[in-house]
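Novice: Start from the sequences and build out the full structure, keeping to the hints where you can.
Chains as they are written, first to last, in the working numbering: chain A, 25 to 384; chain B, 999 to 1186.
Incorrect hints may appear among the rest.
As the list claims (entries may be wrong) - Okay, derived cross-link-like pairs now, DSSO-like style, lysine-lysine, Cα gap no bigger than 27 Å in a straight line: (1) B:K1155 x A:K34; (2) B:K1031 x B:K1121; (3) B:K1058 x A:K310.
Stated by the list, open to error - Going by beta-carbon spacing under 8 Å, a handful of chain B positions derived as facing chain A: (4) Y1035; (5) P1037; (6) V1041; (7) G1045.
Keep in mind that the hints were calculated from the coordinates and are not lab data.
Note that CB positions come from ideal geometry on N, CA and C, so glycine has one too.
The primary structure of each chain is shown beneath.
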Amino acid sequence: MAVKPIQGEKRVFMTGNEVVAWAALAAEVDIMYGYPITPQNEVMHYWTRLAPKYDRKFLQTEDEISAGFTTCGGVLSGKRAFTATAGPGNTLMQEAMTMAEMMRIPLVQVVQQRGGPSTATVIYSQQEVTMTCYGGNGEGLRIVYSTGSHQELFDYTIKAFNIAWKYRFPAFVLGDGYQAKMRESLNIYDPAEKGIEIVKTYPFVGLEGTPGVDREPNHLRNTYNTEEELNLVVNELVAEYEKMAPEIVEYQNFNTDDADIVIIAHGIVTRAAQAAVKTLREQGIKAGHFRPVTLRPFPEEQIRAVVKKAKKLIVAESAQGQLRKLVTDAIYGESVPLENYYKPGQGITAEELVEYVKGL
Amino acid sequence: MIKTVKIALAGEGGQGVQSVAGIMVEAAYEEGKEALYIPNFGVEQRGGVSVAYCQISDEKIGSPKFVYADLVVALSDRAVLRTKQYVNKDTVFIYDTFIEGIEDDLPTNAKRVLGIPALEIAKKELHPRVFNVIIMGVAIAATDFIEMSAIKTALEKKLGYKFEQDPSLRDLNFKALARGVELVKDLL
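Specialist: Printed below as a string of structure tokens:
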């Protein structure tokens, strides 16, 4: 490999889209496939500026359907490949993403959520949770990291490539328009500095030797003839996914040990929730915050442990209950009351959460 | 001691509020502060009200947007209407006196409402192009959170290549900055 794009570690101040491009470079990505859509455009913009300097490639496709499938193709040929999109683009990519689930193609997709439904806004939302976790026809056999800061965008973009290639499931970095467009400080680094080893890639097609003679045939199927055969295959996929889940689940607890009221939030809303808990604690209110970092697989056991001790839960999200569905599914059977703080397509601040909790 | 300063800058597309915001947060970052800047952006290609949300702090910053600002600077009639929502009793609200017919729309709940003739000064004393640099001086003086030297360094970084070509531009920009500071100091 040529010169490392990032030497050592350094503090920088940039937009989230630029962060993603740097992280992909640091993760030794070979190629990005993409089609422009706001607020993700600058991922492509920075990648196309940076990539040629380090002998990396870019292909702009005719639409997101094609961007999704070319990413699949790139990975099948043994390249570390990713794409980035948002909103309606994410919708179009879902068919390719289900193929990646079915054929175990370790691609990475970065999503910078914008408002919905349809064209809606190009600004911000958390309305692509259901689609990013469970989009397409299938069972949602994918890994979804929901980031909340530029540091996490960098860390988890690198991680997404490694986890995808280690376990052979498609991985998603779920950001949003705020994270895409805002500037804040973070440390970018050469992963080796942190002891992070970049998982080796390998081709799935065009292998040496004759299948069945020199080597085992490499079955890459997404089409099946009988119900029984498909059912068997999906059961195996699910079993492998569930075996992996405990190893990759991530979450954070903030003052949940003795909390009466627990705010559940993910992504950038965790920043408001963390600040709200701090303020509420200063005012003598026993508040805590649980944050799932992986939305797929969801930290089910961990949230249940927190919920069992709490007297009241609040799900706060910039969507109409998409996180709540993941939560209620995970804590089925618990009887603690659950309130909703929904603001579909709009940001949530610490001040309003504090006010809401005090008004309960 | 202020820990976090929240600023909303709003104007018509092309008035340069995003450039001002970019330079201010860059200066704050270079000074070792935490800074967060997010532009508002819509589906329109041009025109419309442009708002820049900035936060500068001694510690890590929470949500990228905020409910109330410490400082609102509004540079057009539509910008006044759009940014009134960020005003509360602790907000300094600054508008350009060149804007006509907004007397009844100015916020009544602000800590201070200050009218400044920035556009007029830019046109008569300096150059219309440095209007937004006057505004930067205004914002710096009104919040008093960042060293002038850091702002000048950030300006050099952003416009240095232009200053190289024409050194008189440097004087013009620094003059505009100082004039903006004066405007507010006279009022506060």
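Novice: Take the hints in turn and mark each one as holding or not.
Specialist: Going down the list of hints, with the structure as the test:
| no. | hint | result |
| --- | --- | --- |
| 1 | B:K1155 x A:K34 | holds (19 Å) |
| 2 | B:K1031 x B:K1121 | violated (34 Å) |
| 3 | B:K1058 x A:K310 | holds (23 Å) |
| 4 | Y1035 | holds (5 Å) |
| 5 | P1037 | holds (6 Å) |
| 6 | V1041 | holds (6 Å) |
| 7 | G1045 | violated (16 Å) |
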